[in-house]
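4 protein chains.
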Amino acid sequence: MYETLTQVRVRYAETDQMNVVYYGNYAQYFEVGRVESIRNLGVSYKDIEEAGVIMPVVEMHVKYLRPAKYDDLLTIKTTLRQLPPEHRIEFFQEVFNESGKLLTSGRVVLVLYFLDAATNEKTHMPANLTEKLSPFFPAK
Amino acid sequence: MYETLTQVRVRYAETDQMNVVYYGNYAQYFEVGRVESIRNLGVSYKDIEEAGVIMPVVEMHVKYLRPAKYDDLLTIKTTLRQLPPEHRIEFFQEVFNESGKLLTSGRVVLVLYFLDAATNEKTHMPANLTEKLSPFFPAK
Amino acid sequence: MYETLTQVRVRYAETDQMNVVYYGNYAQYFEVGRVESIRNLGVSYKDIEEAGVIMPVVEMHVKYLRPAKYDDLLTIKTTLRQLPPEHRIEFFQEVFNESGKLLTSGRVVLVLYFLDAATNEKTHMPANLTEKLSPFFPAK
Amino acid sequence: MYETLTQVRVRYAETDQMNVVYYGNYAQYFEVGRVESIRNLGVSYKDIEEAGVIMPVVEMHVKYLRPAKYDDLLTIKTTLRQLPPEHRIEFFQEVFNESGKLLTSGRVVLVLYFLDAATNEKTHMPANLTEKLSPFFPAK
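In order, the protein sequence lines correspond to chains E, P, G and X. Each residue of the first sequence is one higher than the last, beginning at 1 in our numbering. Each residue of the second sequence is one higher than the last, beginning at 1 in our numbering. Each residue of the third sequence is one higher than the last, beginning at 1 in our numbering. Each residue of the fourth sequence is one higher than the last, beginning at 1 in our numbering.
Be careful, since some hints might not be right.
One copy or two, either will do: identical chains are not told apart, so a pair holds if it fits within one copy or between any two.
[To be verified] When the alpha-carbon atoms are kept at most 25 Å apart in a straight line, the in silico DSS-like pairs for lysine-lysine are as follows:
#1 K77 x K132
#2 K122 x K46
#3 K122 x K132
#4 K101 x K132
#5 K63 x K77
If you're looking for bench data, these hints aren't it; they were derived computationally from the structure. Please read all numbers here as calculations on a predicted model, not as lab measurements.
Here chain E stands alone, though its shape is the one from the complex:
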């Protein structure tokens, strides 16, 4: 299992008139969680794209348990439960507030493609990323 924690401060822009974070904005928090999770391995998503691989999201599932409020310092927990086997990566993502309450839990699935959209051909995870992830998933 590979798990990282990232913090995000709720912006005024992200609230709505219900005085909570708009439900669509968690997708951005999840994005930040995934990107920092990869950076934590010494790889940036930016470099992956520049190396010719894109990772569009193909599925997102979110459960909203408690609202996040303006100025909350949120902790985003991002988890890979297995070493991505093929061209799919599945992230489990949870958002906690400062008192440790779980606000939102999500699951986001991405697929790896070659950047050249014309071909629409799937690819595998970059070798350096697989290599850095492997130690977190020892063979049983």
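Given the coordinates of chain E, assemble chains P, G and X onto it according to the supplied hints.
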């Protein structure tokens, strides 16, 4: 079954550097679909809120099949498959492009609360909304 | 002078906890106003980009007079006061609510570049756009 | 003069298909800069609102000099050039990239109101904020 169609033009702001609509922005398109679906019954979501009822989203599930592009005129299909039985409403939502291709399909669940957040008490759907929806769901 | 009107319905996502449209979101309304202003001439901004010209914004000035509220049907008035002389276009933009009150007024300046960012070379307005705009600016 | 620096990492969501940060998103970066500038004095904007004062933006002026790119770690410099004299506060805001290049410069004017929107009455800056700002603006 109650089904409505609404159109949304993709804004430049909604694209990302993958040259497609950012995955988090569909939540806004779904919101527009739901709001217009209710307005089509002669009720505005704004009036519901002003009457003291809020409808926070408690679940969202999205499948991204094909990307939406800048300036696409999207059609959002919003469907209620049953008359909301209790204090939950479940919307099925699909996004099509101009050539009728299904781009995204989603399911969004909302719960009805009294606006006074302090009580955190669930409520039922406003009577006028139930009344206007009923003809679409004849008793079998 | 060339002037067009476009309508935008305020989304829940665009409000903030002050119960008004977040000040940063007017940039999107202005964008919609400009794009529809050009489309009204029979040219789409998308086509301009695909023909190899981009129009990044270099200045924006906004005065916020009155707040826009959730579900307001806003009218965006977009005005060109002169035929863009060189590689700069200056749009005057105003946002009105349904009762005709001026909410926001802005001025946005764009510059025309060749899409190939590497060269960073300025260009002129596409000929078809100039041609279609000319009748609105008769020589005095 | 009172000046603070804050950092913001560019999110994928904030880019557009021109491969740069969408021009409207700088309003959010400016907001982060102002909020952290106030927090740096030991006062949170959230507390100001909860004490019954709101600070809507009445003017924003932005010059876009160079684009910010995805994953850039931006530095936002927020400056008060004078102790806010009445019920207006004027912030000067600049955005720099990691190599110290100035990307964007802005000026944002806010007005202080009592939260109770019904009265629409202007107010002064909270006393604790004035007190903490004063040392930065010695009488000449």
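Cα distance capped at 25 Å. Does K122 pair with K132 within a copy, between copies, both, or neither? This pair counts as within: shortest intra-copy Cα distance 21 Å, inter-copy 44 Å.
Between K77 and K132, at a C-alpha cutoff of 25 Å, which is it: within one copy, between copies, both, or neither? within (19 Å within a copy, 36 Å between copies)
My question is about K122 and K46: at a cut-off of 25 Å on alpha-carbon distance, are they close within one copy, between copies, both, or neither? This pair counts as within: shortest intra-copy Cα distance 18 Å, inter-copy 28 Å.
Go through the copies and call it for K101 and K132: within, between, both or neither, with a Cα cutoff of 25 Å. This pair counts as neither: shortest intra-copy Cα distance 31 Å, inter-copy 33 Å.
Cα distance capped at 25 Å. Does K63 pair with K77 within a copy, between copies, both, or neither? Both: 15 Å inside a copy, 22 Å across copies.
Checked against the numbered hints listed earlier, the structure breaks hint 4 alone; every other hint is satisfied.
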